[in-house]
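A.B. asks: Chains as they are written, first to last, in full-length UniProt numbering: chain A, 1 to 817; chain B, 1 to 107.
Heads up, a few of these hints could be off.
Unchecked claim - Within a straight-line C-alpha distance of at most 27 Å, the following computed DSS-like cross-link-like pairs (lysine-lysine) qualify:
#1 Lys661(A) to Lys623(A)
#2 Lys664(A) to Lys786(A)
#3 Lys23(B) to Lys802(A)
#4 Lys561(A) to Lys23(B)
#5 Lys91(A) to Lys79(A)
#6 Lys49(B) to Lys610(A)
#7 Lys561(A) to Lys49(B)
#8 Lys590(A) to Lys23(B)
Don't read these hints as lab results, they were simulated from the structure.
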Amino acid sequence: MTEKQKLVVIGNGMAPGRMLEHLFETAPDAYDVTIFNAEPRVNYDRIMLSPVLSGEKSFEDIIIHGDGWYVDHGVMLYKGHKVVEIDREAKTVRSEHGEVAAYDKLVIATGSAPFIIPVPGHKLPGVLTYRDLDDVDAMLLAAQSRGKAVVIGGGLLGLEAAAGLKERGMDVTVIHLMPSLMERQLDPAAGYLLEQELVSRGIKVITKASTKQILGEARVEGIELEDGTIIPATLVVMAVGIRPSAALAKEAGLSVNRGIVVSDHMQTSDPDIYSVGECVEVNGNVYGLVAPLYQMAEVAAAHLSGDTGKRFVETSTATKLKVTGINLYSVGDFAEAEGREEIVLRDAAAGVYKRLVLKDNKILGVVLYGETADGAWFFDHLKKQIDISEMRESLIFGQAYQGGSPMDPMAAVAALPDDAEICGCNGVCKGKITTAITSKGLTGLDEVRAHTKASASCGTCTGLVEQLLALTLGDAYNPAAVTPMCGCTGLGHDDVRRLIKAKELKTIPAVMQELEWKTSCGCAKCRPALNYYLVCDWPDEYADDYQSRFINERVHANIQKDGTYSVVPRMWGGMTSSTELRAIADVVDKFDIPAVKCTGGQRIDMLGIKKEDLPAVWADLGKAGFVSGQAYAKGLRTVKTCVGTDWCRFGTQDSTGLGIKLEKFMWGSWTPAKLKLAVSGCPRNCAEATCKDIGVICVDSGYEIHFAGAAGLDIKGTEILGNVKTEDEVMEHVVALAQMYREQGRYLERIYKWAKRIGLDEIRDQIMQQHDKRKGYYERFVFSQKFAQVDPWSERVSGKDKHEFNPMATLSLEAAE
Amino acid sequence: MTQAWVRVGSINDIPRRGARCVKSGEMSIAIFRTADDRVFALEDKCPHKNGPLSQGIVHDGCVTCPLHNWVISLETGTAQGADEGQTMSIPVRLDGDEIILGLGPAK
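Next comes chain A alone, as it looks inside the complex (with noise of 0.2 Å):
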């Protein structure tokens, strides 16, 4: 076996990650790698920051490699550690906290910063730039205040930033010093469109706007234009532009011009020094979109690996803006010069407005907004330089205009070429998606994702690759993924839940007028869905709504099948005592209740109560100290144990304790389905723990944490979690993983359907591995448990509700008029 060779990596962005796949996959045995990245964390997507910006998805929605990913593949990865030096005649490269790593190949990925304009007071507390996690936790810090906030740029970032500081509730002005918006990649007229749509949603844009300075003393108070109008603010964010991070490669000697010089292949003026990203210059140019890059990591890694055949060859891009509801495309050169002519749509009541760019019958431009869909279509025949001559008339309407009728969106799919491309930043093709498909049976929209790449960057083209799944896979495409709730909406839970924390609602009407519910208050599937997810996001806040609670939870008793009901009160972890069982009897007794039983969960059911009795029941119970044992909830119901060391011949630990400190610490709490816990004190395993939502069996060592087994409609044994040494460490394992299970659950879903879904490897990974995201759940939970831990029975007692249970009125005939 030959000796691996050692590769450090310096930067941990979008393209050495890419970079780093491809070598996996091409040579994974070659090289032993080492990363330092100045950011303390794993590898993510940044051009999805806009969208964490704007709450539509979080910082864990982004990430691209996590911690995982570096030990499957053996990576030591320095967070945090910026690199201060390149030693070429040492071959090694030395960290800002003094750690040093020698080197047979170098990669340099030290990306770009972004642009201060240096007029006074740049450096005032309150000025940002809008490049990295860093920046969107401080704008995020900063719109808490809801106060005004600047934003010097029109470009995409600048857009895209004000757009989502809007959404968070700040008065956004955006400063621009051209004549209209993203003059780089739109014609004025498509800026102006943008513009008001930007206006329409109260961002301010000024254009043919100069920053003559950032004023304020402590902090930013406001800026000055050149014109001497003053603009109030307590956040600028500037976002003019991106330099490249040349300067470590400079020092080292490297040839740098604007950016780190490469060739084509990717190399340095050192032969053993790569360098990708932002901070290359290529053929004279540098990129800041993330498709060439991605290329560039290609053309690397093939080098890397020992193909030198590859070679970067500069292609156009599209450009999309990551602003929800607004449609932009632009792709080309759509400047005016001599010979061009254009073709332009405008529909202005539609807000649409198209514009094609055309020399010698060949698209050069593009320019879509409002309507984008053909945007892959006009590329593709500007890539390939067709003769449009024959289409030219009908060219503007797109593709479903060519030839006959016109065509649906399926057929237009179906109808583009096998080299079209679909994925434009990751640069993947029609054939490319297809032939995974086929050849490796894929199913759904995130395998997809894994096997070619397509739509896991931006997501503009996610409709694309689904339309390619459905003609694939004709019948068998079941795209999952997109299952309404109910028929009131076209979205799934997991859009539902995700937009509800986006968009901050907090009403179910703010949920249905917001999310366009086509049902004026809903149905019986969908409202105790929503009512779930509202009291599971926002718990101090909300307001449980009652009438969409099914008559269980309403009545805090579970209805049977002749209108009576049952009561459960709570036995902590199956304990009792005579003193509870008198009363229970008594109860029994004074209200002539017809039968009572043990419960699976080791309880005690009363039933064949009648719903006007209940209040009463609870009272006398209530009095005895019991609180509801809420066995009919979508919540919390019982704690399951065996008796543990204090009287078994071979527990090994507490069973029954940690059973009802586990009861006692979780219950009121709502699940998106029943949850139910059992303690075994040893393997021999009297609870059951191994058919429950969460079980834990007591050993020698300690605790064995189960979950995700089902003894229900199917049956199904736990899947061990991880073993843990201490009652402590249980509790807070458990609690993390039932949070982790009420954040993410569907509505109705149990936790063994939830955990096939995300995976059993990540559950484990983010409950067990990830310390920082497991005391997150726990927290979230314990917050929420401030307010669930409230007995329903003596809050019914004290006559909460109280209308519920007497009739409204008891008619005699003679009552009639």
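Take the given structure of chain A and dock chain B to it, following the hints.
C.D. replies: The following block gives chain B in isolation, referenced to the frame of chain A:
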């Protein structure tokens, strides 16, 4: 044969998208109030297995039975969708806030 009209209470006694019962002899009548303050009355028995409709979730002019999720039209008492069956619907009207129930002619 004249309809006998009986005042049974105020619309404010029923929560929006909720129901209350009126007992009339052996019969239990469920009075529903919709989100937009219309009232309907049905015999409190699902045509499927006699589930108490008054305990169901009220939505869009229908109620979903708490026992097996049949959806019953408040206006006509007929089961919606693929299910078949009908519950007796009882005339009801509002006089200001007062709910007036139309009971069949006195025997």
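A.B. asks: Hint compliance check: list the failing hint numbers for this structure, sorted ascending.
C.D. replies: Nothing - there is no hint that the structure violates, so all of them hold.
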